[in-house]
Amino acid sequence: MGKRFPFLWLAGVLVLAVLPWSAFAGAPTEQLKQTTDKVISILTDPDLKGPSNAEKRRALIRKIADERFDWNEMSRRALGHHWKKLNEEEKKTFVKLFSQLLDRTYMEKVEDYSGEKATYTGETIDENYAIVEMKVLTSKNVEIPVVNKLKKKGEDWMIYDVAVEGVSFVNNYRTQFNSLLSKSSVSELLAKLREKVSEK
Amino acid sequence: MRKLDIEFTVGLFLIAGIICLGYLSIKLGRMEVLGGEGYEVHALFSNSGGLKKGSSVTIAGVEVGRVNGVFLEDYHAKVVMNVSEGIKIQEDAIASIKTRGLIGEKFVEVTPGGAEETVPPGGRIRETQSPIDFEQLISKYVFGKVE
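Chains as they are written, first to last, in numbering that gives the first Met the number 0: chain A, 0 to 199; chain B, 0 to 146.
Everything labelled a hint here was simulated from the structure, so no lab data went into it. Note that the Cβ used here is the ideal one computed from N, Cα and C, for glycine as well. Misleading hints may appear alongside valid ones.
Which chain B residues stay away from chain A? Per the calculated CB distances, all over 12 Å, these [what the hints assert, rightly or not]:
hint, residue
1, K51
2, G53
3, G68
4, L71
5, V79
6, E84
7, K87
8, A92
9, T98
10, I102
11, K105
12, P119
Partial list, computed: chain B residues near chain A (C-beta under 10 Å) [what the hints assert, rightly or not]:
hint, residue
13, G21
14, T57
15, S95
16, G112
17, I131
Taking the hints into account, I'd like the entire structure generated from these sequences.
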């Protein structure tokens with residue numbers, strides 16, 4: 000009996016050590032936090048610093064982003080009602096180009112990371128949808144509210160929209176694609192995206 | 000007999016006049032007597048920005064409905080809208096509160112989505128965008144720099 004006690008105690012300590020993560024922050028916040036922490040650990044890794052490692056670093060970040068961002072859902076939402084006009088082939092091309100475009104546009108900003116702190120301020124879950132609110136404190140001491148919108152896919156919560164200072168990312172692209180597609184065709188839009196992606 | 004005829008006609012005109020007046024006030028005041036046509040949907044905003052009952056709901060700038068009421072629900076603004084019959088709002092449509100011109104009235108603009116599912120009558124438009132508070136935004140970048 001006496002011999003069993005330390006095991007019980009150890010088990011108790013382990014449970015207590017694991018508990019706070021699952022008990023106080025919901026699954027969406029926790030998963031999002033894991034992703035941000037992973038990206039930050041890459042950005043602060045001294046072995047991956049410098050321009051010579053840029054390619055490797057970007058590939059790693061891209062891989063982590065792929066696990067948390069639902070590019071398909073994002074693309075569909077960004078195209079809005081035009082999405083239905085695309086055939087399967089065009090949809091695939093669009094998703095690929097759109098994610099590459101975001102990669103190009105935001106990777107530099109991500110790489111500019113200089114110790115900004117993110118605090119998670121709230122979480123609301125409504126069936127398969129979740130909203131995770133966070134505040135990013137910049138080096139200039141300005142707090143920027145960021146709202147992440149996630150959708151549940153199996154066990155994973157995937158981001159489909161991000162709103163910074165109340166401005167939705169999907170809505171921004173939807174308005175742009177909408178005005179583009181009212182003037183030009185789908186193939187022209189794809190060509191334009193391709194050009195943007197390949198531009199140096 | 001003759002006196003009665005005159006009184007009767009005057010009465011008829013008066014009733015006709017009241018009906019016309021009623022009709023006019025309903026039309027001009029944009030009130031609906033029997034709930035009106037169309038169906039109701041609602042959306043939650045973190046800030047209604049002064050949106051009022053009767054404000055228009057538009058898609059691509061075309062009026063497709065009106066705001067039925069703005070209420071406070073769990074410290075969020077719940078905007079109830081009446082949308083015309085036959086207008087389908089996709090499940091991933093975004094409702095944003097906008098201002099006509101620089102200082103114009105507020106209205107709700109719905110940007111249609113690409114989903115197959117649509118918002119059912121009484122349902123909720125999940126994606127919303129509240130008006131941007133310029134004052135807050137400017138003050139943040141003016142006073143934010145505490146160095």
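Report task. Determine which of the earlier numbered hints do not hold for this structure and return their numbers in increasing order. Result -> 7, 8, 13 and 14
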